[in-house]
Each structure stands twice: as structure tokens, then as C-alpha cells.
Amino acid sequence: MNKKELSQKVLESIKKHKIIPKPKWTFLLRNYVVWFAGLISLVIGALALSVIIYMLRYNGWEEYHYISDSIPQFILLTLPYFWIVFLIIFVLVADYYIRHTNKGYRYRLPVVVLISVFASVLLGGIFYKIGMGQAIDDILGSRAPFYKEIINRKPLFWNNPEKGYLTGQVMGIVSDAEFNFRDAENVDWLIVYNKEEIFRMPKLENNMKISLIGNILSNNIFEAKDFRPLRPGGAFLERGMMGRGMHMMEDPERKMQKIDEMRRIIEERPEMGEFLKTFLDGHATSSEGQFGRELMMFLERHGTSSEPILER
Amino acid sequence: MQGIDCQEKSDEELVRLASENQSYFLCIMKRHEERLFRYIRRISNFSFEEAEDILQEVFIKVYQNLNSYDPSLKFSSWIYRITHNHVISSFRKLKSRAEGQVFEITEEEFNNISGEFDVLKEVDAQLNKELLGKVLNQLEPKYRDVLVLKFLEERDYKEISDIIKKPMGTVATLINRAKKKMEKEIESQNIQFK
Numbered sequence: 028m029n030k031k032e033l034s035q036k037v038l039e040s041i042k043k044h045k046i047i048p049k050p051k052w053t054f055l056l057r058n059y060v061v062w063f064a065g066l067i068s069l070v071i072g073a074l075a076l077s078v079i080i081y082m083l084r085y086n087g088w089e090e091y092h093y094i095s096d097s098i099p100q101f102i103l104l105t106l107p108y109f110w111i112v113f114l115i116i117f118v119l120v121a122d123y124y125i126r127h128t129n130k131g132y133r134y135r136l137p138v139v140v141l142i143s144v145f146a147s148v149l150l151g152g153i154f155y156k157i158g159m160g161q162a163i164d165d166i167l168g169s170r171a172p173f174y175k176e177i178i179n180r181k182p183l184f185w186n187n188p189e190k191g192y193l194t195g196q197v198m199g200i201v202s203d204a205e206f207n208f209r210d211a212e213n214v215d216w217l218i219v220y221n222k223e224e225i226f227r228m229p230k231l232e233n234n235m236k237i238s239l240i241g242n243i244l245s246n247n248i249f250e251a252k253d254f255r256p257l258r259p260g261g262a263f264l265e266r267g268m269m270g271r272g273m274h275m276m277e278d279p280e281r282k283m284q285k286i287d288e289m290r291r292i293i294e295e296r297p298e299m300g301e302f303l304k305t306f307l308d309g310h311a312t313s314s315e316g317q318f319g320r321e322l323m324m325f326l327e328r329h330g331t332s333s334e335p336i337l338e339r
Numbered sequence: 073m074q075g076i077d078c079q080e081k082s083d084e085e086l087v088r089l090a091s092e093n094q095s096y097f098l099c100i101m102k103r104h105e106e107r108l109f110r111y112i113r114r115i116s117n118f119s120f121e122e123a124e125d126i127l128q129e130v131f132i133k134v135y136q137n138l139n140s141y142d143p144s145l146k147f148s149s150w151i152y153r154i155t156h157n158h159v160i161s162s163f164r165k166l167k168s169r170a171e172g173q174v175f176e177i178t179e180e181e182f183n184n185i186s187g188e189f190d191v192l193k194e195v196d197a198q199l200n201k202e203l204l205g206k207v208l209n210q211l212e213p214k215y216r217d218v219l220v221l222k223f224l225e226e227r228d229y230k231e232i233s234d235i236i237k238k239p240m241g242t243v244a245t246l247i248n249r250a251k252k253k254m255e256k257e258i259e260s261q262n263i264q265f266k
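Those sequence lines, one after another, are chains A and B. For any residue, its number in my numbering is found by taking its place in the first sequence, counting from 1, and adding 27. For any residue, its number in my numbering is found by taking its place in the second sequence, counting from 1, and adding 72.
None of the hints are false.
With a Cα cut of at most 20 Å, we get these calculated EDC-like pairs of lysine to aspartate or glutamate: (1) K49/A x E84/B; (2) K130/A x E231/B; (3) K42/A x D125/B; (4) K253/B x E202/B; (5) K102/B x E124/B; (6) K51/A x E85/B; (7) K45/A x E92/B; (8) K190/A x E212/A; (9) K49/A x E85/B; (10) K49/A x E129/B; (11) K51/A x D83/B; (12) K81/B x D142/B; (13) K230/A x E250/A; (14) K49/A x D142/B; (15) K222/A x E250/A; (16) K214/B x E226/B; (17) K130/A x D228/B; (18) K51/A x E84/B; (19) K251/B x E180/B; (20) K36/A x E124/B; (21) K236/A x D215/A; (22) K165/B x D125/B; (23) K36/A x D125/B; (24) K252/B x E202/B; (25) K146/B x E84/B; (26) K51/A x E92/B; (27) K42/A x E129/B; (28) K102/B x E92/B; (29) K36/A x E129/B; (30) K45/A x E129/B; (31) K133/B x E39/A; (32) K102/B x E39/A; (33) K236/A x D165/A; (34) K251/B x E181/B; (35) K43/A x E92/B; (36) K256/B x E202/B.
No lab work stands behind these hints: they were computed from the structure.
If we strip away everything but chain A, and leave its shape as in the complex, we get (with noise of 0.2 Å):
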């Protein structure tokens, strides 16, 4: 090789070429970038963990019975296998990330999956704590495409009569023993309970998202021997109800209308008056569903035949 020749080649080409020497900050800024690469896998990683960790806490381990014949078999049907998959998946790119850092090729694969693992859970403890685990299902729930199909089944899952176990949002409370409520198939239901019966009853209020154990009665009505509430999965009910239009008795501008066509049916026909106007003046605050069964109710009562109007 001549040693004087190749040396004062590349010096030539240098100058030829105008080739200088890139500045640091472009190898600063890229090293950066890689950086925040690695941390923000490892956050979303963590956002995952937190995810996870909620929908694990509020499982219903204590009712595994209702929808498997084992624990085993519980823990397969009612993993959330989709934000598992996703946490490896954002683990392994800030892996990829961290070993393609300046120094980050020093440490074997495992010893940084190891470092990556235990930082995702720290962080991923610290975000459920902070309610982001709630805060992003909830979100998904009222937004994501295929939430229930992939993202988390639990809502339909948790949805078996026949079995025992009602998942829903409250929609109207009756009295202190009867409420009616529209369950994750959007079937309404009349739920009748003790409350001195139930353990741990709590407070219900409308729109409210919670899981019933008991049995079926009759047709649509459920005797509730114990409530749960029912937190992964709750703003998903909300849409799913939602979405199928919102009920009369849910718009007050809609039951106004209603009400309002009542009160020209009484000045038309003067022998319904006292009482539907009774009525009406009771049950202004009604939900749908209940405002037409009590009406039904309230005109047999009163031996009236309540089709003419209602047909109206």
C-alpha cells in the first residue's frame, strides 16, 4: 500500500468534496431523541401496567363462579390479554431504544429488559394510584372502536341473567326496594331488592354503572341479592346506551313535549283530566320506562283504558 498516496487521496477528496466535519449538536440531538424514544416506550409501557393493574383489582375475583368452573380458567377468559400484548410490545421498543444510546450496547438484552420491567411497574404503580389506569379505560370506553371486542370484554361478559349476574347503569330509581335498570344488552329490567338484605348496599343514584347478583323472577324483573360496582368498563355502558338514542324521559326538552301533549289530551277529553293530571303533576322526574308502566298501572287502577291516548 503506499502509505503517501491513499493519505493524501482522501485529503484531496476532502477538499474536492467540500466534506467537513458534521457539527456536535447533530450527534447530541440524535443521541437525545433516542433518549426520549426509550423514555416514552417506557411510559406508555407503564400506562399500560397501570391499565392493567385497575382491571385486575376490580375483576370480580370474589364471583369467579358466575361465568367459569375454576379460577384457572377464570384467569384465561378475564385476562386483559390486549394491554399484556401492548406492554411487551412498548417494553421491547424502549429496549430496542435504551441498547441503541451511546452506551447502552454495554448491557446484555436480559439485564435491560430486567431494568426496563421494574421501571414499567414503579411508574405503572404510580400511575394507577393516580387514577390513569381508570381515567384511560374510561376514555377508550366512551371512544374506541372495538372496545368490547378487543380492548376489554368485561362489560358483556359480567352480562348473565340466566346465570345470576347483571351488569348495567341504573336508570330511574322507583322506591327504596325497586329501581329500573337497562342492562350491557340494552334490555330493561325491573330490579326489586331488600336493602336490609344487602351487604355492603350502596348509595344508588341514576346513570349510575353497577353489577347485580341474583335471579331472575319473571319477565324483566331481577331480584338483586348483592351489588357490585362495576368500574372497567362503565363509560363504554354510558356509550353503548347513549348511543342507541337517548331516552325520552333522559331529554327533558323530549319529556316537556311529552307532558305537554298530555296536558292538550286532558283539555280535549275532560273526563281523564283529574286524574292524568294527578298523575303528570307526580311523575314529571320519571324515566320512560317507568312513567309508561305507572301510567298502565295508575289507568287500570282507575278502570280507564289508557289505549286511546297513548295511541295519540
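On the provided structure of chain A, position chain B as indicated by the hints.
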């Protein structure tokens, strides 16, 4: 190279100076070109002319990336790393390797490596170097690279780790496996020679 005194300056100082004055880069090239050229030929099997072209491209890359040099790393490790990576990417471009090239080993280098393989003691001394060169040529690149760096280029584990960008534990594993493969291959080649 008038007025430039490189003798007393370390590689790290030359890097700093070269980014401002190209003449100092000439010093870097003169200091490292011979062994880099030899290294390129050992890990690539490129012809003399091809290896020269590769080395020129390596030096241009080194010049462009002068500001990326991290002084916490040995300069020789850094420049070997650039060379190693460029040879690999040149392989991918050419998509084939030259055949029939002779693996050049000096007497001293032969003594370095042959001490690791007892099986070589059974081989006729004249055929030793030829056998070693042949077997090294036939090894998978990942094994050949680490053996060349360890026994012919005399790099330690940390330097090899910095050059090929793998953890030191992985380097040790690769060297162990490479030695076993070498022994096996030397034995089978020795039988053929006999």
C-alpha cells in the same frame, strides 16, 4: 505536512485539532492506516485494491464524524468500530465475498493465536499457518471478527465490546464458541492434510 508536529500528540488531541485544521487529520491517517488496512483484509477477504478503496471511505467517514468522538472511549476502538461497520455495509452492497484470498498472519500473530489451540501442536509446523488462515477464512463472520480482534489485533474484551457494540459478556461467549469451532475445524482439516 509542514509545521505540524504530530509525534507528541495523543489521538484525542489530534481529533480536537483535526476538526479545525485538516493537516492534523493527515497525522491520524498515517498513524492508523497500516493496521486498519490489514484489519479490513482480515475480516473481509477483499482484494488489495478493494481494501484500499474501503479504507479511503473509512477515513472520509472518520473525518465527517470527528465531532461524534467520545473521549471516554479509546480512539482506536472508535476508529476500528467505524471500519468494522463500513466493511459490513460494503459486504451488503457487494452481496458477495471474494474467494481465494490468503489470510496474512505474521509469525508473532501466529504465536499469539496458536497458543490457544492445542490441536495445532499436532500439525506439521509448516502447514500451521496455512491451516490457521484457511480455517479462519471459513469461520462465520461473527466468530472470525472476534478472533481477529482478540488474537491478531490484540484488543482486550472491553475494546472488542466497544468496537462491535456488544456487551462484554457476549464478547466472551462469542470468543469461547469461536475457539471451539476453530478447534473442531482444525482437527478435521488436519485429518485431510494427513
